[in-house]
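Chain residues, written in single-letter form:
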Amino acid sequence: MDVILGLLYVVILFSLVAVQVLILVFMERKVSAWIQSRIGPNRVGPWGLLQTTADIIKLITKENIRNIQSDKVIFFLAPILAFVAPFAGFVTIPVAENLGIQDLNMGAVYVFALGSSMVFSVIWAGYGSNNRYALIGAMRSAAQMISYEIPLVTSVLGVFLIAGTLSMREIVALQESGTWYVIYQPLGFILFLVAATAEANRAPFDLPEAESELVAGFHTEYSGMKFAFFFLAEYTEMLVACSLMTVLFLGGWLIPFVDNSQIPWWIHIFVFIFKVYSMIFLMMWFRWTFPRLRVDHLMQFGWKVLLPFALVNLVVTGAVALWLKS
Amino acid sequence: MAHALMFYLFAALAIAASLAVILHRNIFKSATFLAGMLFCLAALFVLLDAEFIAVVQVLIYIGAITILIVFAIMLTTKINDEHKEQFNSQKFLAPILALGLLGLILTIVVKIQWTTAEISPVPSDILGLIGTALLSDFIFPFDVVSILLLVALIGATYIAKQEDRKPLVTEVDETGEHGDGKVKHALHAEEVEH
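If you read the sequences in order, they're chains A and B. Basically the numbering used here = 1-based index in the first sequence + 308. Basically the numbering used here = 1-based index in the second sequence + 19.
Here chain A stands alone, though its shape is the one from the complex (with noise of 0.2 Å):
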């Protein structure tokens, strides 16, 4: 029985995230078309809503090319472990009070851990497509990934010791009581939104990619649905950041200055669209405003900026916390 309803769990939740996916690509070229003075996709459909959905069968339709010389099953397994490993973040993600599949009592720590084992599917992408460009790619990538998530987590475990709980569900109860933790973190949250959008190797980070030098990185040799695959990877990387930013600073599904319990629980599910709908669209401005950052920069700025920021602001939440408390 717990077998078929994790199935369905499952299925229900890989429909919900491919739907989000098609609106996210639509928005992101929108986004960009927008902010460039251009017009976007408007030829398929009204408005061009259509346009990712033709892309999509296109990219399903395609032959599926396999450099004879990569490794049939690492270069097979790759794609799949960059779609599998965020997307099983969303299982402990709570969208309104009652509504998440599950509430694990170490929530935030099961996604970062699975972010960390997202390394190896470039790894293996980069290794497994026996491609030079493709290779450098993956190292530059897993090199990156490695610095930002120390920041990334570093920064939130302010709010960790604010809440004295690792549970989504309870730190958003918190959050009803309080304020934000968005307040009280400030410099948190902004370190959170850097290491969160240079973990999803989003530009101004996107140097894995590097089309102008790299081809296409890690994914160069990957065509048709396998590449939608890394291509799905991204944007639910980006959904699970950006829920997660949601969930830890800005109060999940609560809105601010009313009685929560009174508010209709259909309504906090669009609260928890719209936070997280926003910050996507704050990484969505950072990707068309920012040029790209150069290799040495971009470790720089992970180890010599973010991370004694992201130190500073423990000690001194700890402390003051502490000061608080006696």
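Hints are supplied without guarantee of correctness; some may be wrong.
Unchecked claim - SDA-like cross-link-like pairs, simulated, lysine to any residue; straight-line CA separation at most 25 Å:
(1) 380/A with 41/B
(2) 338/A with 539/A
(3) 48/B with 377/A
FYI, nobody ran anything at the bench for these hints, they're computed from the structure.
Start from chain A and add chain B according to the hints.
Chain B alone, transformed into the frame defined by chain A:
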């Protein structure tokens, strides 16, 4: 029933993966199998209701240590040679010793009378307990480990910097190749690791 089935499934997978780590000729794939083995162990921890340890297992062992091993493999030239001799001169002695040890452990397992406790072995607030224990009873070992890691970090940085101070040979020799190729490669490896 399903619980036991899952246990045997993951236990068998873990054993198969650890054998593959040793026996596979491609060292990159060995590292991949190692990650798979550690993942199976995490699954076993979940079956034992120790979710926190499972999550930390994935975060530290798969996300950090195995990735570092993979980095070391990919940055070292010629280690990925599949025609290399895989075993050294102790390939006959080692299995005998290992089998002896296995026999010893098996006799212990069989001879001891295992009693099962009535209460659940893992309390619900495991995180709080671990945190309190680490910062009260075990504060000394905790600090010693932290200092050890700090020393290792400083040492690694010092060695990497020493390589930096060496004068690099930058002249191009007659064949038109850069003489410093190897030095640069080694430097790069150091940089990435830290």
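Against the structure, the hints come out as follows:
Restraint check for residue 380/A and residue 41/B: satisfied, since their Cα atoms lie roughly 21 Å apart, inside the 25 Å limit. For the proposed pair residue 338/A and residue 539/A, the alpha carbon gap of about 17 Å is at most 25 Å, so the pair holds. At roughly 16 Å between alpha-carbon atoms, residue 48/B and residue 377/A fall within 25 Å of each other, so this suggested pair holds.
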